[in-house]
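Protein chains in written order, with the numbering used here: chain A, 13 to 149; chain B, 13 to 149; chain C, 13 to 149.
No lab work stands behind these hints: they were computed from the structure.
You may find that some hints are simply not true.
No copy labels: a pair is met if it fits in one copy or bridges any two.
As the list claims (entries may be wrong) - Straight-line distance between alpha carbons at most 27 Å, and here's what the computed DSS-like set of lysine-lysine pairs gives: (1) 89 with 37; (2) 145 with 34; (3) 88 with 145; (4) 88 with 72; (5) 145 with 40; (6) 89 with 145; (7) 88 with 71; (8) 145 with 72; (9) 40 with 89; (10) 145 with 42; (11) 37 with 18; (12) 145 with 37; (13) 18 with 71; (14) 34 with 18; (15) 89 with 34; (16) 71 with 42; (17) 18 with 72; (18) 88 with 42; (19) 37 with 88.
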Amino acid sequence: MRFSIKTNGFNDIIDITDRVSKAVKESKVKDGICLISCPGSTCGITTIEYESGLIEDLKKALEIVAPMNENYEHCKKWGDCNGFSHVRSALLKPFLAVPIEDGELVLGAWQNLVFLDFDNRPRNREIIVKVIKSSSD
Amino acid sequence: MRFSIKTNGFNDIIDITDRVSKAVKESKVKDGICLISCPGSTCGITTIEYESGLIEDLKKALEIVAPMNENYEHCKKWGDCNGFSHVRSALLKPFLAVPIEDGELVLGAWQNLVFLDFDNRPRNREIIVKVIKSSSD
Amino acid sequence: MRFSIKTNGFNDIIDITDRVSKAVKESKVKDGICLISCPGSTCGITTIEYESGLIEDLKKALEIVAPMNENYEHCKKWGDCNGFSHVRSALLKPFLAVPIEDGELVLGAWQNLVFLDFDNRPRNREIIVKVIKSSSD
């Protein structure tokens with residue numbers, strides 16, 4: 013299963029919990045795991061409480077490790093000045109495996125699935141949702 | 013399968029290798045993968061050599077990216093001053109998939125499974141262990 | 013399935029895409045997930061565009077969070093001065109789950125699977141590739 017999203021790039025953080033949950037329900041798998049991923053080298057997937065304050069706080073932390081400037085070898089070598097996007101993606105990884113029980117993703121009450129687009133331009137992204145039954149399903 | 017742990021919060025780092033290994037043995041799966049997770053937005057799961065020096069070293073690294081102070085939008089907006097807990101969790105993620113062979117987790121000799129509680133208070137946490145058979149089991 | 017690689021340590025970053033893809037083809041699984049891991053506490057696995065500029069950029073980011081010096085409790089306590097190697101491994105994790113469709117890893121055009129050896133000496137490493145069929149295979 014897969015679905016598409018449009019992003020604004022520049023660390024746009026998008027809540028994908030509902031779309032992934034829908035895909036899990038459609039799979040009819042009651043117990044197992046769900047792998048959420050995106051085939052791209054400038055994006056990430058994780059969980060966070062989806063609240064505008066924390067979204068800013070997360071961006072600030074990423075700015076410490078891989079600041080959004082042009083001081084990257086990738087930019088110097090290729091004139092492609094999204095070095096920070098690639099580095100953030102390598103650190104955060106666009107892959108996340110989440111358990112399924114009773115046909116639902118097992119997440120905390122305040123824990124949302126988010127897609128992060130680190131690229132330096134708007135993008136259309138394909139999110140892949142792969143569902144695997146556990147031995148006891 | 014699941015088990016509970018009590019934590020002290022404030023980056024308490026707890027070795028959960030034995031409890032996860034026990035769950036894997038009880039599943040009787042000989043070859044496959046084990047997904048360890050916790051439904052929460054202020055915690056993480058990873059591996060490290062469980063030795064008090066390294067535990068301090070890891071905390072120091074997390075302090076660089078998401079320092080334990082009140083300078084977070086989450087705190088300013090909601091008066092909930094565990095912004096660092098949420099940001100650390102989004103970066104480290106409370107999900108980890110580990111291979112199983114011969115009925116055992118495949119880990120290095122010095123590689124322990126650890127749960128990290130980033131919250132700013134003691135917590136009771138539920139750890140979920142989901143076991144999936146590989147095609148060749 | 014598993015394969016061996018020789019590394020130079022000191023953040024040697026090695027492209028393992030072809031070897032993992034070969035293992036996936038040999039498994040004959042058409043649809044599912046592939047867990048790539050390494051049993052070690054001083055290494056990591058992620059994806060990045062494998063290009064020498066970005067490889068340097070990623071190393072620079074890791075240097076911010078866990079600098080390669082001897083100022084680690086692990087070094088002070090045990091005289092084992094690869095504290096940065098352990099901390100980088102705990103943050104990046106030597107585990108990655110990637111989806112499989114049509115018998116192939118689902119990765120972006122510029123997205124390579126890489127193994128990172130953070131240790132402070134050359135190493136021989138064993139990479140474990142575990143393939144799991146999805147419910148719809």
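Evaluated hints:
1. With identical chains, the CA atoms of residue 89 and residue 37 are never at most 27 Å apart, being 46 Å at best within one copy and 35 Å at best between copies.
2. Taking the shortest Cα distances, residue 145 and residue 34 sit within 27 Å of each other both inside one copy (16 Å) and across copies (21 Å).
3. For the identical chains of this complex, residue 88 and residue 145 are neighbours neither inside a copy (46 Å) nor across copies (43 Å), given an alpha-carbon limit of 27 Å.
4. Within a single copy, residue 88 and residue 72 get their C-alpha atoms as close as 24 Å, and across copies as close as 15 Å, so both meet the 27 Å cut-off.
5. In this assembly of identical chains, the alpha carbons of residue 145 and residue 40 lie at most 27 Å apart whether taken from the same copy (10 Å) or from different copies (16 Å).
6. Within a single copy, residue 89 and residue 145 get their C-alpha atoms no closer than 45 Å, and across copies no closer than 41 Å, so neither meets the 27 Å cut-off.
7. When the C-alpha separation of residue 88 and residue 71 is checked against a cutoff of 27 Å, the pair qualifies both within a copy, at 24 Å, and between copies, at 16 Å.
8. Taking identical chains as interchangeable, the C-alpha atoms of residue 145 and residue 72 are never at most 27 Å apart, the minima being 38 Å within one chain and 39 Å between chains.
9. Taking CA atoms no more than 27 Å apart as the test, residue 40 paired with residue 89 passes in neither setting, with 48 Å inside one copy and 39 Å between copies.
10. With identical chains, the CA atoms of residue 145 and residue 42 are at most 27 Å apart both within one copy (8 Å) and between copies (16 Å).
11. Taking CA atoms no more than 27 Å apart as the test, residue 37 paired with residue 18 passes inside one copy only; the shortest distance there is 23 Å, against 32 Å between copies.
12. Taking identical chains as interchangeable, the C-alpha atoms of residue 145 and residue 37 lie at most 27 Å apart whether they share a chain (13 Å) or sit on different chains (19 Å).
13. In this homomeric assembly, residue 18 and residue 71 come within 27 Å of each other (Cα to Cα) only inside a single copy, at 19 Å, whereas the closest approach across copies is 31 Å.
14. When the C-alpha separation of residue 34 and residue 18 is checked against a cutoff of 27 Å, the pair qualifies only within one copy, where the shortest distance is 18 Å, while the shortest distance between copies is 33 Å.
15. In this assembly of identical chains, residue 89 and residue 34 lie within 27 Å of each other by CA distance neither inside one copy nor across copies; the values are 43 Å within and 31 Å between.
16. Taking the shortest alpha-carbon separations for residue 71 and residue 42, neither the intra-copy value of 35 Å nor the inter-copy value of 37 Å comes in at or below 27 Å.
17. Taking CA atoms no more than 27 Å apart as the test, residue 18 paired with residue 72 passes inside one copy only; the shortest distance there is 23 Å, against 31 Å between copies.
18. In this homomeric assembly, residue 88 and residue 42 never come within 27 Å of each other (Cα to Cα): the closest approach is 50 Å inside a single copy and 40 Å across copies.
19. Taking the shortest alpha-carbon separations for residue 37 and residue 88, neither the intra-copy value of 46 Å nor the inter-copy value of 37 Å comes in at or below 27 Å.
Checked against the numbered hints above, the structure breaks hints 1, 3, 6, 8, 9, 15, 16, 18, 19 and satisfies the rest.
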